[in-house]
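Student: Chain residues, written in single-letter form:
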Amino acid sequence: MKNRITELFAKKKGNILNVYYTAGFPALNDTVTIAQALQKAGADIIEIGIPFSDPVADGPTIQESNKVALDNGMTLHLLLDQIKELRKTVTLPIILMGYINPVIQYGVEKFAKDASALGVDGLIVPDLPLHEFEEQYKDLFKSLNLCNTFLISPTTSEDRIRKIDAVTEGFIYAVSASSITGAKGDFTAEQTSYFERLQKMNLKNPFLIGFGISNHATFSNASQYSAGAIVGSAFINLLKDSKDIPGDIEKFVKSLRSK
Amino acid sequence: MNYTVDERGYYGQFGGAYIPEMLYPNVEELRNNYLRIIQQDDFKKEFDDLLKNYVGRPTPLYHAKRMSEKYGAKIYLKREDLCHTGAHKVNNTIGQILLAKRLGKQKIIAETGAGQHGVATATVCALMGMECIVYMGKVDMERQRPNVERMRILGAKVVPALSGSMTLKDATNEAMRHWINNPTDTHYIIGSVVGPHPYPDMVARFQSVISDEMKKQLQEEIGNPFPDYVFACVGGGSNAAGAFYHFLQDEHVTLVGVEAAGKGINSGESAATTVLGKVGVLHGSRMLLMQTEDGQVVEPHSISAGLDYPGIGPMHAHLCEVGRVKFVSATDDEAMNAGVELSRFEGIIPAIESAHAIAALSQFEFDKDDVVVINLSGRGDKDLETYIRWGKY
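As given, the protein sequences belong to chains Z and G, one line each in that order.
Here the first sequence is numbered in our numbering, starting from 1 and rising by one per residue.
Here the second sequence is numbered in our numbering, starting from 260 and rising by one per residue.
A portion of the hints provided could be inaccurate.
To be verified - Label-pair restraints from in silico Cβ distances:
# : chain 1 : residue 1 : chain 2 : residue 2 : range
1 : G       : K416      : Z       : A217      : 28 to 36 Å
2 : G       : V538      : Z       : L130      : 31 to 39 Å
3 : G       : Q298      : Z       : L130      : 55 to 63 Å
4 : G       : R411      : Z       : E190      : 33 to 41 Å
Stated by the list, open to error - Capping the alpha-carbon separation at 35 Å, the derived lysine-lysine pairs in DSBU-like fashion look like this:
# : chain 1 : residue 1 : chain 2 : residue 2
5 : G       : K360      : Z       : K240
6 : Z       : K200      : Z       : K259
7 : G       : K360      : Z       : K163
Hints listed in this document are in silico derivations from the structure and should not be mistaken for laboratory results.
Just so we're clear, the structure is a prediction, and the values are computed from it rather than from any experiment.
Just so it is clear, CB atoms sit at the ideal spot from N, CA and C, and this is done for glycine as well.
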């Protein structure tokens, strides 16, 4: 059984572009259209957010997209229907990112099984405790060939990074700063030294840098230190005001990849 | 049976620390240090001294004779309403700011709903000369203007939470986000027995002074430390946690938690979490939570802003599940009537939160020798507007 994420990292070693967007935003059925456009534009990984009423790790842009999506009537069940639909045309790795509460209501085990069966390659649940994953879900994920990604931040200790690396399949999500999500400017010296520290740790998993990646400069800068980067808020801002979603996505991905 | 937290931060299936990794170091620092610090002699000495000379503890245990006559039992009021700042909340903010100082923190953040916890936090920050930022839902800021100004007079910065429904849960989200962005120099004083471990345990310990005093006062008053009943209102659950704490192992003491039924449990406008909630995760712990089938958090309703929270802390969720605490509820109208009743019978205008505990008395049949303690968690000054708008007095 293959996993599209591990396959991708096996053959592509740098400049991997993971784009995050919120399911059901800006319109309920845009989930599929956006995935198709991202594939056409040349993104490498599609990370789809499960909207939640109380997204504490996210900044104002993603919070607002969560609210709009919920107002549009987005649910986890509906998202899985949309995944089924988009898997007819989209072959890129797909990750679902969401807070634990909606997943608990769906049933964690059932969710992992259903998502995997529909062609989801990995999950990011930022508020799922590491020990709970290890004790309750690690074997399940393994049997489903589902990747799991944990976050680390500049304040995460080396010990804990190693612990996270040991239970991770796929890649590690390196949060660029001690902050919530949100598009910012360039990296500080403190941030680059954190990236260098991670590089030197020789982790078994590659890492992608996220939070504050908004343009070519930040994307290519992050890619110097890592396998690639994750774009979230900047992409949500683009979608929010877009009159031509496929066209704008094409331009946006191009602009991230080259000056 | 053990009702307190286990070494991993759980009360049965509830509790834990469901937090994004960015918060892990902050919470871990607290978890590794809180017990050690609060058990130190100099901490205990400073804490006890401030509770005595600044807060005005011990608060009286008052035998409410006219209420006793009406309900056919010996009714006592634990007068937390007489604490400095007008409610029990200050017991916890004093404990936490002393802890924050010992952890070397320079700044304090807090969330607040009605403003009582915000005022109690702003007060101790003024006392300790520490910078204070309080997050408060924009809607609550409009509803609770006097408390906003009290915090400002005390030197705190009040920041409106503009996300979601702009109430307590959103203020809590914003405070958590602030903490993520300022992980090293800031301590987050959570006001209730909610949040990731060790918060529920830490807050319960600081509030446990309430039941500790009750026991001693009952011993003196009736020659026996055990009442037959203890009543307390429950929003997140901090005053109830304090009022129940030292009675948890004394199974012959009936503990009653009173939730806000709002306009009625089945009205769609309620905050009776033990009836309407399911197991879920919010603000870092597994608790009972009012939510949709899809796991989205539902906005609760109560006429009392302090009970207007969609969850119930993990300790109470566990006590409810194992049946150690009996949970009942009182509607907005029942609570308002009880507030006026206590005012007329005893000359004490209670906070509307506390009035819920009184409203539950009529749901019980007491023996005339039963000793019933009601935790009167706060005074009604802050609720004058609500009493006036309700108007039936």
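Student: Each hint should be assessed against the structure and marked as holding or not.
Tutor: Checked hints:
Between K416(G) and A217(Z) the beta carbons are some 34 Å apart, a value that agrees with the proposed interval 28 to 36 Å. Between V538(G) and L130(Z), the C-beta spacing of about 21 Å breaks the proposed range 31 to 39 Å. Between Q298(G) and L130(Z) the C-beta distance comes to about 28 Å, which lies outside the given range of 55 to 63 Å. A hinted range of 33 to 41 Å for the beta carbons of R411(G) and E190(Z) is consistent with their spacing of about 34 Å.
Restraint check: the Cα-Cα separation between K360(G) and K240(Z) comes to about 44 Å, which exceeds 35 Å; the hinted pair is violated. Taking the CA atoms of K200(Z) and K259(Z), the gap is near 29 Å; set against the 35 Å cutoff, the hint holds. Straight-line distance between C-alpha atoms of K360(G) and K163(Z) comes to about 31 Å, which keeps the hinted pair within the 35 Å bound.
Of the numbered hints stated above, those contradicted by the structure are hints 2, 3 and 5, listed in ascending order.
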